[in-house]
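Q: Chains as they are written, first to last, in our numbering: chain A, 1 to 622; chain B, 1 to 264.
Treat the hints loosely; a few may be bogus.
As the list claims (entries may be wrong) - Once the Cα atoms are required to be at most 30 Å apart in a straight line, the calculated BS3-like pairs of lysine-lysine come out as: (1) A:Lys424 / B:Lys24; (2) A:Lys338 / B:Lys68; (3) A:Lys342 / B:Lys171; (4) B:Lys245 / A:Lys600; (5) B:Lys68 / A:Lys342; (6) A:Lys338 / B:Lys250; (7) B:Lys245 / A:Lys231; (8) B:Lys24 / A:Lys341; (9) B:Lys245 / A:Lys338; (10) B:Lys245 / A:Lys566; (11) B:Lys236 / A:Lys231; (12) B:Lys24 / A:Lys231; (13) B:Lys50 / A:Lys342; (14) A:Lys30 / B:Lys199; (15) B:Lys56 / A:Lys341; (16) A:Lys600 / B:Lys250.
FYI, nobody ran anything at the bench for these hints, they're computed from the structure.
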Amino acid sequence: MIAWYAIGIISAYIFITGIRRHVQAWRQGKAEQNQGTTLSRLKRLVYFGLAQGKILNKKYNGTMHVLISIVGFLLLLGMFFPVLEGIVGYLALLFALGLILLEYKRLRATGPPLETAWEDSFVFGVIVAMAVSGFLMMGVNTWAWNSPAGDVLSPLFTPLGPKVLVDLYPSLFLVHSALVFSLIAYIPNSRLIHLITSPTNVYYAPITIKGEMTTPFDLKQMMESGNFDIKVGASEINDFTWRQKLSFDACTLCQRCSDACPAKASGTKLSPMHLILKLKNLELQPPDTMKQLHGQTVDPEELWACTTCRACVQECPVLIHHVDAICDMRRHLMAEGKVDKKKRDLLTFLTTVGNTYGLATSDRTKWAEGLDLKPYGDEPDQEFLYWVGCAGSYDTRNQMVSRALVKIMKTAQIKFGILGNDEKCNCEVARRVGEEGRFQQTAMELIDLMNKRGVKKIVTQCPHCYNTFKNEYPRFGATFQVIHHSQLIAQLLREGKLKLKKGIEQTIAYHDPCYLGRYNDEYEAPRNIIRTLSNGKLVELPRSRAKSFCCGGGGGNTWYTVEAEKKCSVIRIAEAQQLSPDILAAACPYCISMFEDASKVLGTSEKMPIRDIAELVAEALE
Amino acid sequence: MPNIIVLVKQVFYTQDLRIDRTNKKLVTEGVARVISESDKNAIEEAVRLKEKLSGKITVLTMGPAQTKEALREAIAMGADEGYMLTGPEFENSDAHATAASLAAGIKKIGQFDMILCGETSEDQYSFQVGPRTAEILNLPQITYAVKITIQDGKIVAERSLEDSYETVESKLPAFITVSREINEPRLPTLMAIMAASKKPMTAWTGADIGLKPNELGRDGSLTEPLKSAVATGERKRILIQGEPKEAAEKLASALVGEGVVKVT
């Protein structure tokens with residue numbers, strides 16, 4: 001018994017020292033206020049941690065994980081609380097099933113092995129040995145547990161005679177305990193650290209609006225105080241907050257983020273899991289080592305490859321926010337002026353002509369010639385400001401969508417106005433490439449302009465504009481309501497204010513734009529429109545709704561070239577082609593532009609035309 | 001440790017300029033003002049030299065009150081201080097009067113090892129102000145530089161000529177005009193531009209730089225614009241069709257035929 005306590009105490013000591021090393025590493029990060037109430041966070045801990053809400057999104061892996069983690073935890077408790085003895089025997093069987101499922105998965109794994117492969121095998125071996133010793137204990141000591149496995153094994157031991165068995169049992173118990181304790185001691189140095197870090201991160205992950213990026217400074221306040229001495233963005237690991245550093249440490253190497261990542265699929269340098277792991281390794285280096293991010297640890301190409309589509313964040317079972325970390329690092333590159341010509345051109349366009357295309361401000365309303373649109377504020381009863389967006393104004397393909405939407409609103413007798421040449425990019429893209437100051441300045445300017453014009457409701461066909469107005473502008477004082485054109489059209493159809501003269505007989509597949517779906521949970525409005533239009537001939541793509549695969553245009557990626565093997569848009573069009581729908585519908589100007597190009601590359605333009613839902617509805621009005 | 005003066009000009013953002021068809025005048029209302037492109041290259045080159053050799057960068061500009069924005073932007077890119085020649089007396093200066101004013105400003109600033117400016121401004125495209133200023137200051141000048149190195153107190157520069165490059169050497173101080181291909185200028189963030197407001201910026205009038213009214217602006221100019229006209233040209237609208245190989249051949253021979261491409 002002394003040996004048991006000794007091993008226990010030593011392992012607890014090693015465990016605690018190891019954990020302290022992690023905690024100390026996190027604490028070197030910047031300060032961050034906890035967001036959300038304690039109760040809301042506890043609820044989340046129960047859902048994502050205890051109930052493994054997201055882990056179970058993948059049935060096989062999730063089941064396996066529950067069997068090993070939750071059951072394993074109960075077995076550990078069984079060592080200390082005799083109350084559980086009645087079920088330990090059955091739990092052990094479930095645990096063993098988990099291990100078998102895990103080994104089967106390990107054997108069938110494809111792709112290059114992880115860096116931790118050797119260590120993982122070792123840990124797995126220890127766990128198996130622990131389980132085997134546990135079962136032997138049950139076989140030897142059949143009177144202590146109600147154990148089916150023990151009942152099967154006991155005949156093997158009966159010939160030894162009761163005396164030997166009574167002597168053997170404590171030794172087995174000691175071996176079993178030693179294995180358990182050494183595993184616990186080893187936790188802080190292995191990927192098992194996620195037993196501690198993942199639930200901790202789930203608890204501390206900020207409860208925020210999905211579509212809102214972090215706000216690293218308040219430009220207005222700085223302009224008032226005249227003090228601009230602030231470091232923007234992350235250049236070294238301790239520029240991340242303690243909570244972000246905790247989140248990197250929470251990575252379990254499950255690879256779900258990288259499997260979902262369009263940048264990874266298109267063969268760019270970015271793999272979200274590996275990026276997070278690089279950050280994790282860097283923060284756990286001894287305190288006196290260099291902790292610079294850019295250059296050796298992180299390649300700028302990795303950062304610029306991100307489309308901010310949020311697939312990684314959506315998939316991560318332990319609530320790591322990859323996109324925020326990427327944008328923090330982009331902010332530093334931007335502050336240092338370390339950006340290529342295309343990004344500089346893009347930002348120059350935003351400051352000079354207020355659009356992403358570099359075209360003349362005076363040409364913003366050319367698309368509307370002959371449509372007799374009124375400036376917003378000219379008529380008293382205008383319900384909506386129609387925010388056309390840069391693509392809807394300047395891109396010839398998306399101008400067709402703008403005209404379709406105008407036709408729909410006019411048919412439904414919606415009163416609306418436009419800002420005309422006073423409209424300018426709301427700088428969603430500036431914020432996402434790291435130019436926070438430009439974004440905030442534009443936000444203040446536009447909010448001021450719209451307040452002066454008395455804007456109450458905005459409708460837009462661009463999910464990026466929609467998201468930024470809805471989720472990011474309120475922090476800077478915006479109070480207007482924002483609605484996406486899919487929501488408006490769905491509502492008009494539902495209320496009977498828009499009557500279709502004909503349906504569409506063809507099958508329509510719908511692609512969920514990231515900023516409408518994953519960021520704003522609007523999956524139904526566009527589908528309802530298509531169902532109404534096509535008599536229910538809506539086809540779901542293999543990856544749809546929250547699992548939708550980005551067109552590749554977000555996060556500034558429309559405006560610069562990332563080295564890739566295959567474009568995201570081409571991958572997506574090929575995916576849609578497998579179902580051979582007659583039409584591929586989307587509800588975002590980036591998606592429309594990207595898919596039009598990809599369709600030409602793949603030669604599918606004619607058999608599967610790309611249409612915005614507004615175009616489909618406008619046609620049905622004729 | 002070179003002391004560098006960079007001359008910059010603020011111009012209208014040309015892509016946003018258009019001509020009013022009724023009165024044939026430039027519409028400048030609401031058009032953004034930016035630092036002329038090759039002047040940005042000059043600032044960038046100065047900042048790179050400073051990053052390598054340390055030293056100090058002073059920016060000098062001439063223009064209306066809002067030209068201060070150009071100074072702030074240049075400082076945000078890495079310059080240390082800025083001077084601007086401003087006031088109605090400088091209005092309507094031609095290349096000669098501009099060079100005279102800038103030269104007087106440079107003399108007032110005093111110490112320098114090198115003066116850098118863009119080869120030309122994006123609005124006038126005269127290519128004259130740099131060389132004229134150098135002449136007034138009686139400095140050795142290197143124009144159209146695409147590469148600059150400083151060795152043993154001398155400057156070695158590569159010049160871009162129409163169909164060749166030339167490497168030249170000069171003692172310091174010297175005057176250099178740079179071409180666009182010399183570098184890719186960095187883009188300062190809005191925060192950096194705002195922070196630049198705190199750096200020293202000084203405005204000088206004609207009297208401050210010791211020039212008489214008849215040496216400034218229109219009175220000090222040798223040339224006078226008489227009339228402006230809109231250039232019109234008809235496009236030929238030739239459409240070449242056919243298989244890529246065939247079409248490319250036709251296009252090539254058409255270009256040769258037009259004298260656009262020379263076959264050697």
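Q: Confirm or reject each hint.
A: Status of each hint after checking the structure:
1. A:Lys424 / B:Lys24: With Cα atoms ~27 Å apart, Lys424 (chain A) and Lys24 (chain B) stay inside 30 Å; holds.
2. A:Lys338 / B:Lys68: holds, 25 Å
3. A:Lys342 / B:Lys171: Violated, at roughly 37 Å.
4. B:Lys245 / A:Lys600: At roughly 20 Å apart (the allowed maximum being 30 Å), Lys600 (chain A) and Lys245 (chain B) satisfy the hint.
5. B:Lys68 / A:Lys342: Holds: Lys68 (chain B) and Lys342 (chain A) sit about 27 Å apart, inside 30 Å.
6. A:Lys338 / B:Lys250: This hinted pair is violated, its Cα atoms lying about 43 Å apart.
7. B:Lys245 / A:Lys231: violated, 55 Å
8. B:Lys24 / A:Lys341: Violated - the C-alpha atoms of Lys341 (chain A) and Lys24 (chain B) are around 34 Å apart, more than 30 Å.
9. B:Lys245 / A:Lys338: violated, 41 Å
10. B:Lys245 / A:Lys566: holds, 27 Å
11. B:Lys236 / A:Lys231: violated, 55 Å
12. B:Lys24 / A:Lys231: Since the Cα atoms of Lys24 (chain B) and Lys231 (chain A) sit roughly 49 Å apart, the hinted pair is violated (cutoff 30 Å).
13. B:Lys50 / A:Lys342: holds, 26 Å
14. A:Lys30 / B:Lys199: Distance ~29 Å between Lys30 (chain A) and Lys199 (chain B) Cα, so the pair holds.
15. B:Lys56 / A:Lys341: holds, 26 Å
16. A:Lys600 / B:Lys250: Satisfied, since the Cα-Cα distance of roughly 25 Å is no more than 30 Å.
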